[in-house]
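> Chain by chain, the residues run as shown.
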Amino acid sequence: MIVQMLIEKAMLKAQAVQATMLTQETSSVDFENDRLKSAESSQRTQIDLKVVVNGKMGLSSTTDPGDIDGVVSRALEAAAFGSPVHFELPEPGSLEPVKIFDAQLLQLAKPEMIHIGQQMMDMIKAYNPEILAGAALNKNIYKFEYANSRGASYSAEHTDFNIGAAGQLVRGTDILFAGHGVGQKKREVDSEEIATRAIEYFRMAEKISPVESGEMPVIFTPGGLIALLLSLGLAVDGKSVYLGASPLKDKLGQQIADPRLTITDDPLVEFGPQTSAFDDEGIPRKRTPIIE
Amino acid sequence: MRDRLTDALKVHTVEYADIRIEDKTNSWVNFRGRDLDTIGSSRTVGGIVRALYKGGWGYATFNDLNDLEKRVNEACETAQLVGRDKTYFAPTQPVIDDIKAVLGKDYRQVPLGDKKALMEEYNNIILGYHPKIQTSTVRYADTFKTVWYANSDGTYIVEEKPDVNIIVVATGRDGDIIQNGFEMGGGPEGYQSIENFHEKASTAARRAVDLLSAPSVKGGTYTVVTDPEMTGVFTHEAFGHLSESDFVYENPQMQDVMQLGKRFGADGLNIIDHGDLPGGLGTHRYDYEGVPTRKNYLIKDGILVGRLHSRETAAKMGEQLTGNARAVHFQHPPMVRMTNTYIDKGSARLDDMIKDIKLGVYALQEVGGQTAMEMFTFSAGYGYMIRDGQLAELVRDVALTGNVFNTLMNIDMIGDDVGFTPNGPGGCGKGSQHPLRVGLGGPHIRIQNCVVGGQQ
Chain Y
1 MIVQMLIEKA MLKAQAVQAT MLTQETSSVD FENDRLKSAE SSQRTQIDLK
51 VVVNGKMGLS STTDPGDIDG VVSRALEAAA FGSPVHFELP EPGSLEPVKI
101 FDAQLLQLAK PEMIHIGQQM MDMIKAYNPE ILAGAALNKN IYKFEYANSR
151 GASYSAEHTD FNIGAAGQLV RGTDILFAGH GVGQKKREVD SEEIATRAIE
201 YFRMAEKISP VESGEMPVIF TPGGLIALLL SLGLAVDGKS VYLGASPLKD
251 KLGQQIADPR LTITDDPLVE FGPQTSAFDD EGIPRKRTPI IE
Chain D
293 MRDRLTDALK VHTVEYADIR IEDKTNSWVN FRGRDLDTIG SSRTVGGIVR
343 ALYKGGWGYA TFNDLNDLEK RVNEACETAQ LVGRDKTYFA PTQPVIDDIK
393 AVLGKDYRQV PLGDKKALME EYNNIILGYH PKIQTSTVRY ADTFKTVWYA
443 NSDGTYIVEE KPDVNIIVVA TGRDGDIIQN GFEMGGGPEG YQSIENFHEK
493 ASTAARRAVD LLSAPSVKGG TYTVVTDPEM TGVFTHEAFG HLSESDFVYE
543 NPQMQDVMQL GKRFGADGLN IIDHGDLPGG LGTHRYDYEG VPTRKNYLIK
593 DGILVGRLHS RETAAKMGEQ LTGNARAVHF QHPPMVRMTN TYIDKGSARL
643 DDMIKDIKLG VYALQEVGGQ TAMEMFTFSA GYGYMIRDGQ LAELVRDVAL
693 TGNVFNTLMN IDMIGDDVGF TPNGPGGCGK GSQHPLRVGL GGPHIRIQNC
743 VVGGQQ
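Residue numbers (our numbering), protein chains in the order written: chain Y, 1 to 292; chain D, 293 to 748.
There may be inaccurate statements among the hints.
What follows is a set of in silico ranges between Cβ atoms, one per label pair, in the way DEER data are often shown [stated by the list, open to error]:
| id | chain 1 | residue 1 | chain 2 | residue 2 | range |
| --- | --- | --- | --- | --- | --- |
| 1 | Y | GLN15 | D | ARG294 | 42 to 52 Å |
| 2 | Y | GLN15 | D | GLY405 | 46 to 56 Å |
| 3 | Y | LYS239 | D | GLY723 | 25 to 35 Å |
| 4 | Y | GLU206 | D | ARG294 | 51 to 61 Å |
| 5 | Y | ASP190 | D | GLY721 | 29 to 39 Å |
| 6 | Y | LYS239 | D | ASN358 | 33 to 43 Å |
| 7 | D | LYS587 | Y | ASN162 | 33 to 43 Å |
| 8 | Y | ASP190 | D | TYR589 | 22 to 32 Å |
| 9 | Y | GLY55 | D | ASP299 | 46 to 56 Å |
| 10 | Y | GLY151 | D | ALA393 | 38 to 48 Å |
| 11 | Y | LEU232 | D | HIS621 | 23 to 33 Å |
| 12 | Y | ASP280 | D | LYS592 | 47 to 57 Å |
| 13 | D | GLY721 | Y | GLY151 | 14 to 24 Å |
Here are a few chain Y residues that face chain D, going by a calculated C-beta distance under 7 Å [claimed, not checked]:
| id | residue |
| --- | --- |
| 14 | GLY55 |
| 15 | LEU59 |
| 16 | SER60 |
| 17 | SER61 |
| 18 | PHE81 |
| 19 | SER83 |
| 20 | VAL170 |
| 21 | ILE175 |
| 22 | PHE177 |
| 23 | PRO247 |
Partial pick of chain D residues on the chain Y-facing surface, computed with a CB cut under 8 Å [to be verified]:
| id | residue |
| --- | --- |
| 24 | ILE331 |
| 25 | PRO507 |
| 26 | GLY511 |
| 27 | GLY718 |
Just so you know, the hints here were simulated from the structure itself, not pulled from any lab data. Note that the Cβ used here is the ideal one computed from N, Cα and C, for glycine as well.
Could you put the whole structure together from the sequences, leaning on the hints where they help?
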C-alpha cells in the first residue's frame, strides 16, 4: 500500500507521520438548453502527507503515485520551518458502522444516466415548453485510505450519486433560474420527485411580486436553510472559536437561539452525502450536538 | 511532450479533439493568530481530453499520464454516445507557440524558511497594532504551472503560468462586535510583488480597529460612488456574466435581452474584456481552444456591441471568435469565461462626483457578492457617508443590491482613474469551476438611485 510505503520512508527522518490517499473514478452526463450536451469519464489520484520532525509539522501532496520520494522530501523540507505540534496523531480507534457504499451504483452506466436525465428534462418541458431545461447526473466510486505511524490504519470505499434537474425562464428582462437536486451515497432515488420539485419552484415563481424592504417572517426551504447554516458553520469552527474570531466564543452552555431549535452535525447519516466513519486526521467520527 | 500529444491525437475518431496537460507545483505559508497554521508544498499533474462528435462533447480527465491514447479513445467513445445533432465549431488558424514565464524574482528559488519569515513579519505587524486586534490571518501561496495544449487542427502551445499571492486579514473585536480589515496583493511577475507589504498589513489592522466603532450604514436608496474595486466586481459579476455567450447561444429569449445594438447605458459608458492586457490577472496569449485572445468591446458608448465566445458559441451565433474559452485546471473543460473586464475610463474627477451629492455613500474594496442572473448583491469592505458634498463618517456593513440593467442606466458619471482589484487567493466562480484568475476593475463611477442594504 502506498500510504504504508510513505510512512516507512518518512519515518526514516520524522518522529510521526500521517498519509492519506484518494483514488476515484467518476462518470457524469450533462444536459443543457434542452439537449444532451456532454458526458465525462474521470480518473483521480490524490496523496497527502503530514510529517512531524523535531516537534514541527510539514505538509506535502501529489497526484502522482510515482512521486513518493518527492512528496516525502518536500514534507520534510516544510517541517524544518513548520508550526510547533501540540498534539499527537491518533492511536487506532473503533469506528462506528456507516453505510457509504452501494454496489447498485456500480451497475449504473452512462446510457441509463442519459435516460434518467432525459426523463426529468421532459417533465419540465411538459410543464412549460418555454423553460430551457437541463439535468445532470454524476456517479463517483472512490477509495480513501488513512494510516499513521502510531498504527491507525483505515480504508473505506464510497459511492456517490448526484442528480439534479433545472431550467431557465426569461420574461422581458426577468431571468428566472430554478431547479432541484440531491446528493447521496446510494443508487435508489426518485428522479420524478426531483423534477416535480423543480417544477414546483417554477410554479411558485409564476406570479412576480415586489418585495418591500423591512423586517418580516421568512420561510426557508430545506435547501435554502444552507444560507443560515453556512454562517453558523464558520462560527462553530473550533479554530475560529479558539482564536476568538467567532461571535460564539465563550457562549457554550448559553441560550443563543429559540429553545425549539436543535442543530446536530451528523457524519453517520445512512448514505448521507458527507457520511464517513473517520475524518481526514484519522479520528473516528461521531454525532456532535451544536445547539440543543 | 509534443510527440506524445500529437501521437495520441492520431487515434481520434471524431470531428475534433484536443488534449491539455498540466504540471503544477506550489508552496504555501499560512498564519492564523500567533501560530503558523500550515506550511507545505505540492505537485499536481494531470490532463483532459475533449472530443466533439455531432454536437456532443466527450471528456476524459486523469492524473495518470501513462496511456494518453486510451484517454483519447475514452473521450471519443463518450462523445459518440452523446452526439446526436449537427456540430458547430468555428475554425481558427493552427498555431505553434512556446510561452515562457517572465519572472523578476523567481519564488521557486526562495527558501520556504524565507517565505515563512516574511509572512511572520506581516503577521506580527497586525497582532501588535492595537489591543483590540483579536487575531490575524496571513496566507501566502505561489504556483508555477506549465500547460501543454494540442488539438486535431495542428495547434501545439506550451505556456508557463506563474502566480504568487498574499492576503493579510486583521480581526478586531470589541465585545460581541467583530470586524475584519484586509489587504491582498501579488501577481504573475514574481516574488517582489509580495515583498514590502508591511504598510498594507498596518492598513488592514487600522481598518479592522476603525470599523469596530463605525456605525452600520442605514439601509435605503442613495447616490453611490464606487471605487475601482467595487466598479470592477459590479462590471464582472452583474454585467460580464451576461456577456458570456453560453448563457445566450441556445436561448432565444436571452438573445432578445442581450440583443446587439440595444442601449444599456449612457453615452460614454464603455465596457471591455481584454484578454491580452499586459500584466492583467486574466491575461493569456491564447485560450484553451488555441484561439488568440484580444480586446473585445462589450458596450461602446452605452450600446451593446459584443459578447464573449468559445469556438462552439461563436459558430452557433455566427459571430467572431474572441478567445474566451478558459478552464480553472485540467479537471474541467473550458467554458466561456471573462479575462480582464473593466469599465473604460471617463473624464470625471472623484471630487466632482461627490461635490453635489447631498446624502450618499462612497463604497470601497470588494469583499464578494453574488448574482442571481439580472439581480446582484455586492458587499463592500467599508464605506463613507457623503454629506453635503463632503466625505463624512466611516460606515460598515455596506451592501449594494439591484437590477443590472437599471443600474447600468443609472451610471451618470465615470471617473478618469482606471484601477484593478489586486491579486489574492480567490477568483471567479462559474458552475463548478472556481477560482479562475480574472482581472476586474474600472474607474470610480457614480450611480443614482442605488439600493444600499444596512440597518433600518
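> Decide, hint by hint, whether the structure agrees.
Structure-based check of each hint:
1. Roughly 46 Å separates the CB atoms of GLN15/Y and ARG294/D, a value that falls within the hinted 42 to 52 Å.
2. Taken as a hint, the range 46 to 56 Å is violated for the pair GLN15/Y and GLY405/D, whose Cβ atoms sit roughly 20 Å apart.
3. One distance hint, 25 to 35 Å for the beta-carbon pair LYS239/Y and GLY723/D, holds here, with the actual separation near 30 Å.
4. In this structure the hint that GLU206/Y and ARG294/D lie 51 to 61 Å apart at CB holds, the actual value being about 56 Å.
5. Roughly 30 Å separates the CB atoms of ASP190/Y and GLY721/D, a value that falls within the hinted 29 to 39 Å.
6. The hint said 33 to 43 Å for the Cβ distance between LYS239/Y and ASN358/D, and at roughly 40 Å that hint holds.
7. Checking the proposed 33 to 43 Å range against LYS587/D and ASN162/Y shows it holds: the Cβ atoms sit about 39 Å from each other.
8. Look at ASP190/Y against TYR589/D: about 49 Å separates their beta carbons, and that is not inside 22 to 32 Å.
9. Checked against the given bound of 46 to 56 Å, the beta carbons of GLY55/Y and ASP299/D, roughly 51 Å apart, stay inside it.
10. Between GLY151/Y and ALA393/D the beta carbons are some 45 Å apart, a value that agrees with the proposed interval 38 to 48 Å.
11. Under the hint 23 to 33 Å, the C-beta atoms of LEU232/Y and HIS621/D, about 31 Å apart, fit the expected range.
12. Separation of ASP280/Y from LYS592/D is about 51 Å and conforms to the stated range, judged on CB atoms against 47 to 57 Å.
13. Against the hinted window of 14 to 24 Å, the Cβ-Cβ separation of GLY721/D and GLY151/Y comes to about 41 Å, which falls outside the hint.
14. With a cut of 7 Å, the hint placing GLY55/Y at the interface with chain D is violated, because the nearest CB-to-CB distance is about 12 Å.
15. Against a cut-off of 7 Å between C-beta atoms, the interface hint on LEU59/Y holds, since the closest Cβ of chain D lies about 3 Å away.
16. A hinted interface residue such as SER60/Y counts as satisfied when its beta carbon comes closer than 7 Å to some beta carbon of chain D; here the least separation is about 5 Å, so the hint holds.
17. Interface hint status for SER61/Y: upheld, as the beta-carbon distance to the closest one in chain D is roughly 4 Å, under 7 Å.
18. Contact between PHE81/Y and chain D, as hinted, is supported at the beta carbon level, the nearest pair being about 4 Å apart and thus within 7 Å.
19. Checking SER83/Y against chain D by beta carbon gives a least distance of about 4 Å; that is within 7 Å, so the hint holds.
20. Taking 7 Å as the C-beta contact cut-off toward chain D, the hint placing VAL170/Y at the interface holds, the least distance being around 4 Å.
21. For ILE175/Y, the interface hint holds, since its Cβ comes within 7 Å of a Cβ in chain D; the closest pair sits about 4 Å apart.
22. Checking PHE177/Y against chain D: minimum C-beta separation of about 6 Å stays under 7 Å; hint holds.
23. Interface restraint check: PRO247/Y against chain D, minimum CB-CB distance 6 Å, threshold 7 Å, status holds.
24. With a least beta-carbon distance of about 5 Å to chain Y, the hint placing ILE331/D at the interface is held under the 8 Å criterion.
25. Of the supplied interface hints, the one on PRO507/D is violated, with its beta-carbon coming no nearer than about 18 Å to a beta-carbon of chain Y, more than 8 Å.
26. Using the Cβ-Cβ criterion of 8 Å, the hint placing GLY511/D at the interface with chain Y is satisfied: the shortest such distance is roughly 6 Å.
27. The criterion of a C-beta within 8 Å of any C-beta in chain Y is not met by GLY718/D, whose closest approach is roughly 16 Å, and the hint is violated.
Hints 2, 8, 13, 14, 25 and 27 from the earlier list are contradicted by this structure; the remaining hints agree with it.
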